[in-house]
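Undergrad: Sequence:
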Amino acid sequence: MNTSTLELHPARAGARTWWALAVLLMGTLLPPLDFFIVNVALPSMQAGLHANAAVAQLVISAYAATYAIFLITGGRLGDLYGRRRIFLVGIVAFAAASAVCGFATSPAALVTGRILQGGAAAVMAPQALASIHALFPSHQKGLALSLFGAAYGIASVAGQALGGVLVSANVLGLGWRSIFLINLPVVIVAAPAAFWLVRESRSDHPAKLDLGGMALLAVALTALVVPLIEGRERGWPLWTWALLACAAPLFALFWRYEARVASAGRDALVPPALFGAPGLVRGLVATLFFYSLAPFFMMFAIYVQRTLGLAPLEVGLGILPLGVGFLVGPLVNPLLVRRFGARTAAAAMMVEGCGLIWTAMLVHDAQSHALTAPLFLIGFGQGVALPALVRRNVECVDRRWSGLAAGLVSSVLQVSAALAVALIGGLFFALAGPDASGAQVARAFATAVAIIGILLFIAALLADARNNHASELRKQH
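The sequence shown begins at 245 in the working numbering and counts up one residue at a time.
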């Protein structure tokens, strides 16, 4: 391998590389944490800034939309300019945006800070996944990706609990502001550590940035993601349908533009040749179905409060078995990979799907006291499948595009979450309106959870078919 590529694959990663991974996982943990941590603090924000409900929704959606829109670009920046360098830019920008949010004196300033946070998160997050691919040898990559999955799972489950603790503790009288300002000491430690510990890596063939492709992709993703995030809350006004109608033509325009750029011998943001990698398209479609779990947490909280009458603290304790499963799953992932090989992701998604169907049956039969085991299976399956599916997608492509592949996977996960919340969450709210009885809410929850389970089975079939295809290709070569 040409040493100028800076793609480092030692025979065995040393202690410094593992410490570097711990720092890089901050880039994995902070983005989802700062998405979930806001939910509990929204009432305090509204009161403190005299904001209306629409602004409160923007505090969530502005971050989520910006994050999803720029993830692919963020991954590409790391490939081109160095993943450590872009990670440092992203994490420092994330701290600055967190300070804007924490010291905001108006709703407009808070929403602006959240947009900046989302953009910084999109720059920072893909670098951790791409660096794992670049810095770890294949026999240690499984464990590194398992820790990546554990960090993502911990952030997703713990975000709301941490938000409640910080707001309740009212540290230094900061109230809701502490959920943003807590990022500053984290970054003060993580940024210098990343500078000293993380070795630089980048694509084999550094290229110029495709500004036209960046702009077209941002517009196309905006047309898809923004109405999905904002539509239900705003009652699906005409502009949401107009944007969704424009999304497909805009993606087609982007694709044709990238094909022209590539055929002219210039560097495309998303080279069409990338999708010729065996199994990548099928793997990305499997990823799209895989994260249909996204609305589960919101629906579960509504179900246990409106049907079972539990308090918010009890809601957090009720979802704990899922969190435990999500933590245990990635940690045992390397053992399962050695046992099941390329079929690990598919097998884990089947387990998760069974947990979801079991949950739906128990809720339908009013046996909520027995949810501990199926909730653990859901979390365990998700925790095992996430790193396994991510690894298969990233390893489908040439190493020079690993940052781009990481951005693609992360972007598909975010788009999947937006789609699932809009469609499955929309169905749930249609069946369990504001005046629905506890029994109606339970039926709505059972129906929605069963649909998520079916989608996980479809994802498992896609992942398994993809793995079989990739295995056949390896045999041929």
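These are computed hints drawn from the structure, not numbers from a lab. Hints should not be assumed to be uniformly reliable.
What the hints assert, rightly or not - Taking CB as the label site, the calculated pair distances span: (1) ARG583 <-> LEU671: 47 to 53 Å; (2) LEU453 <-> ALA496: 21 to 27 Å; (3) LEU455 <-> ALA266: 30 to 36 Å; (4) PHE519 <-> LYS452: 44 to 50 Å; (5) GLY682 <-> PRO381: 49 to 55 Å; (6) ALA614 <-> LEU455: 18 to 24 Å; (7) LEU564 <-> GLY292: 53 to 59 Å; (8) TRP263 <-> PHE519: 44 to 50 Å; (9) ALA489 <-> ALA352: 27 to 33 Å; (10) GLY292 <-> GLN684: 47 to 53 Å; (11) ALA508 <-> TRP440: 25 to 31 Å; (12) SER612 <-> ALA503: 51 to 57 Å; (13) PRO481 <-> ARG504: 32 to 38 Å.
Quick reminder that beta carbons are idealized off the backbone N, C-alpha and C, glycines included.
Undergrad: Determine for every hint whether it applies to the structure shown.
TA: Evaluation of the provided hints:
For ARG583 and LEU671, the Cβ-Cβ distance of about 37 Å falls outside the hinted range of 47 to 53 Å, so the restraint is violated. Separated by about 22 Å at the C-beta atoms, LEU453 and ALA496 satisfy the suggested range of 21 to 27 Å. Range check, LEU455 to ALA266: Cβ separation about 35 Å, and the 30 to 36 Å hint holds. Between PHE519 and LYS452 the CB atoms are about 21 Å apart, so this pair departs from the stated range of 44 to 50 Å.
A hinted range of 49 to 55 Å holds for the C-beta pair GLY682 and PRO381, which are about 54 Å apart. Separated by about 56 Å at the C-beta atoms, ALA614 and LEU455 break the suggested range of 18 to 24 Å. At about 30 Å, the beta-carbon gap between LEU564 and GLY292 misses the expected band of 53 to 59 Å. Take TRP263 and PHE519: their Cβ atoms lie about 36 Å apart, and the range 44 to 50 Å is violated.
Distance hint check: the CB atoms of ALA489 and ALA352 are about 30 Å apart, consistent with the given range 27 to 33 Å. For the hinted restraint 47 to 53 Å between GLY292 and GLN684, the CB-CB distance of approximately 35 Å leaves it violated. A beta carbon spacing of about 41 Å between ALA508 and TRP440 contradicts the range 25 to 31 Å that was offered as a hint. Look at SER612 against ALA503: about 53 Å separates their beta carbons, and that is inside 51 to 57 Å.
Distance hint for PRO481 and ARG504: a CB-CB separation of about 35 Å, consistent with the stated range 32 to 38 Å.
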